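Chains as they are written, first to last, in numbering that gives the first Met the number 0: chain S, 0 to 199; chain W, 0 to 403.
If you are wondering where the hints come from, they were derived from the structure by calculation, not from laboratory data. All figures in this text were calculated on a predicted structure; none of them were measured in a lab. Just so it is clear, CB atoms sit at the ideal spot from N, CA and C, and this is done for glycine as well. Careful, some of the hints might be misleading.
[Stated by the list, open to error] Just the calculated beta-carbon pair ranges, DEER-fashion:
1) G158(S) - S35(W): 46 to 54 Å
2) T96(S) - Q299(W): 31 to 39 Å
3) R89(S) - L141(W): 53 to 61 Å
4) H10(S) - T282(W): 55 to 63 Å
5) G158(S) - D135(W): 32 to 40 Å
6) S372(W) - D86(S): 37 to 45 Å
7) S56(W) - D86(S): 16 to 24 Å
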Amino acid sequence: MQSKGKEEENHWIEAFGKDEEKALAYFFDLHYKSLGYFANRLVHDNFQAEDIVAECFVKLWRGDRKNQNADSIKAFLYISCRNACLDYLRHLKVKTTVQQIYFNELEKSEETILANIVESEVMDMLAVEIELLPEKCREVFKLIYFDQKKTDEIARELGISPKTVRNHKAKAVELLKAAVLKKGLSGVMYLAFQLFLNRR
Amino acid sequence: MLEKEFHISKLIASRLKGQLTAAEETELEEWLSSSSKYRELLEDLEDEQLVSEKLYSYRSVNKTVIWTKTVGGLQKETSPVKPRRKFKLLVFVSAVAAAVALMTLSIYFYNTSQDSKNIRRPEFIAGTKDITSGKDGATLTLANGRQIIIKHALVGNIASEAGVKISKTADGQLVYEIAGNDVSPVAYNTLSTTRGQQTQLHLPDGTLVYLNAASSLRYPTSFAKSTIREVSLTGEGYFEVAAAYRSFNGRRIKQSFVVKSQRQQVEVLGTHFNINSYGDDRTIRTTLIEGLVRVSSGNQTQVLKPGQQGVLSEAELKVEPADIQTAVAWKNNEFMFESEPIQNIMKLVERWYDVEIVYEGAVPDYKFNGAVSRFGNVSKVLQILESTKKVHFKIEGRRITVSK
Numbered sequence: 000m001q002s003k004g005k006e007e008e009n010h011w012i013e014a015f016g017k018d019e020e021k022a023l024a025y026f027f028d029l030h031y032k033s034l035g036y037f038a039n040r041l042v043h044d045n046f047q048a049e050d051i052v053a054e055c056f057v058k059l060w061r062g063d064r065k066n067q068n069a070d071s072i073k074a075f076l077y078i079s080c081r082n083a084c085l086d087y088l089r090h091l092k093v094k095t096t097v098q099q100i101y102f103n104e105l106e107k108s109e110e111t112i113l114a115n116i117v118e119s120e121v122m123d124m125l126a127v128e129i130e131l132l133p134e135k136c137r138e139v140f141k142l143i144y145f146d147q148k149k150t151d152e153i154a155r156e157l158g159i160s161p162k163t164v165r166n167h168k169a170k171a172v173e174l175l176k177a178a179v180l181k182k183g184l185s186g187v188m189y190l191a192f193q194l195f196l197n198r199r
Numbered sequence: 000m001l002e003k004e005f006h007i008s009k010l011i012a013s014r015l016k017g018q019l020t021a022a023e024e025t026e027l028e029e030w031l032s033s034s035s036k037y038r039e040l041l042e043d044l045e046d047e048q049l050v051s052e053k054l055y056s057y058r059s060v061n062k063t064v065i066w067t068k069t070v071g072g073l074q075k076e077t078s079p080v081k082p083r084r085k086f087k088l089l090v091f092v093s094a095v096a097a098a099v100a101l102m103t104l105s106i107y108f109y110n111t112s113q114d115s116k117n118i119r120r121p122e123f124i125a126g127t128k129d130i131t132s133g134k135d136g137a138t139l140t141l142a143n144g145r146q147i148i149i150k151h152a153l154v155g156n157i158a159s160e161a162g163v164k165i166s167k168t169a170d171g172q173l174v175y176e177i178a179g180n181d182v183s184p185v186a187y188n189t190l191s192t193t194r195g196q197q198t199q200l201h202l203p204d205g206t207l208v209y210l211n212a213a214s215s216l217r218y219p220t221s222f223a224k225s226t227i228r229e230v231s232l233t234g235e236g237y238f239e240v241a242a243a244y245r246s247f248n249g250r251r252i253k254q255s256f257v258v259k260s261q262r263q264q265v266e267v268l269g270t271h272f273n274i275n276s277y278g279d280d281r282t283i284r285t286t287l288i289e290g291l292v293r294v295s296s297g298n299q300t301q302v303l304k305p306g307q308q309g310v311l312s313e314a315e316l317k318v319e320p321a322d323i324q325t326a327v328a329w330k331n332n333e334f335m336f337e338s339e340p341i342q343n344i345m346k347l348v349e350r351w352y353d354v355e356i357v358y359e360g361a362v363p364d365y366k367f368n369g370a371v372s373r374f375g376n377v378s379k380v381l382q383i384l385e386s387t388k389k390v391h392f393k394i395e396g397r398r399i400t401v402s403k
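Please work from the sequences and hints to get the whole structure.
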């Protein structure tokens, strides 16, 4: 699994260096979510965060496309994003209380920003973990947790009976228990899933 | 730059999974002690409630909107004289299929590599012929009533007639250009497609129009003498409107562009948008990709921003968030549908493949997601739908029977 991922990544890095547009789409797909999350943590404005992230990818494409590797591209994106967010906040005439507090914080301490970068990356990895859950389990988990949907909504959407949905939920819990034993998922991760499976 | 931070985030993820080695524990501990902010971060990440809120916020980052804005930003760089290098939305869709998908927004039913191992003829095709896709083509009806069939073959012949020039773009698309004709009174031409056809053309002002199947566009042969540029659309069209100016008392004023369709009109100033207005559909949908438009119907009027769509039902004009990729998928030669009932999907199939759709028994009420090229045979589209096991098809000649 690892080596396959590496091969594909190298293919796209090469393509990126050769100015192939599809390569930008690959890196976009890889990083837009963590960047969007990061930008939003800084500026506390969804709409603005979207604009900023888009700008970062434009800058990435317009920058030096040769001699890059996966980490340098990621770092470039985060740094552009950070700079754009700080610029935005600096020039924002009317700030909300949250923005004001956050901006003062950011100006003072570089660590806050670095901590946010680490956080965004961790979110990314947690999301991958969820993707690796077995299919049915993942489907139901996402609908409950991410879309905050209720049992009968899910039943309608997947075209199955509410009873079946509840069975899937029960099975998801079972599978997760097994996963804990097999993969050694920490108690926290397990509890996190448990909390949300039980919420609905 | 940031190597330390990327490395630490991997350590934290491992820690949450309970998989840290002793050496890694020490390393992480060192980093945590270097700042109270770092320790705070770890505490937050070990709090299930907080993590779930963060994941929710992470999850709501909108791919389509950001990509659209990215494409918009990339297109702005070229000068108007050179042919514009287009980052089509299609590029994004193909890359998604190839790339490692970290977070899918919905469940797409692509033909997975497992399925392609068992490729055999779908069982629902009776007889020997599969139905081929729609093609590029159209009919041009001049003001004097004369009709010209526009197809690949007739490149040279049409050129001299009615000031129509046919050229090929860099990526091989056929584009029909109408040379401006400043004759008064202004004459109107109608470009129309039948079921199974689609076409693109440049209007005299440089506006690019894509016409989907079973659609028509009525336009004047010259915009020079008009106060506004006005065209009429039935069916579905995608527009990239060029900015244009007219002279008034020796000054240059922006000339607005108006698309009239049944019951509504859309007014624009240099922008990209899609209008879906088929006579046999109950709603008219206007999706804005870039720029700004005003949609009016009767005495209702709404202004749309990029990423929004105007939905005109029987009586009401509403503004809703749009899924741009899905709305313009056709122009990028893809069928794309997200959470669509089967009847809507079969409507698209009916128009593009020019077939008859018949329903047998109860209509499946499942909501389908999928993306597939428009240039495949119809069996490819039906295969993808059938793989959900929620619907079944039978093809007999040009009739497709749909059942549960």
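Quick rundown of the hints versus the structure:
no.	hint	verdict
1	G158(S) - S35(W): 46 to 54 Å	holds, 51 Å
2	T96(S) - Q299(W): 31 to 39 Å	holds, 38 Å
3	R89(S) - L141(W): 53 to 61 Å	holds, 59 Å
4	H10(S) - T282(W): 55 to 63 Å	violated, 43 Å
5	G158(S) - D135(W): 32 to 40 Å	holds, 37 Å
6	S372(W) - D86(S): 37 to 45 Å	holds, 42 Å
7	S56(W) - D86(S): 16 to 24 Å	holds, 23 Å
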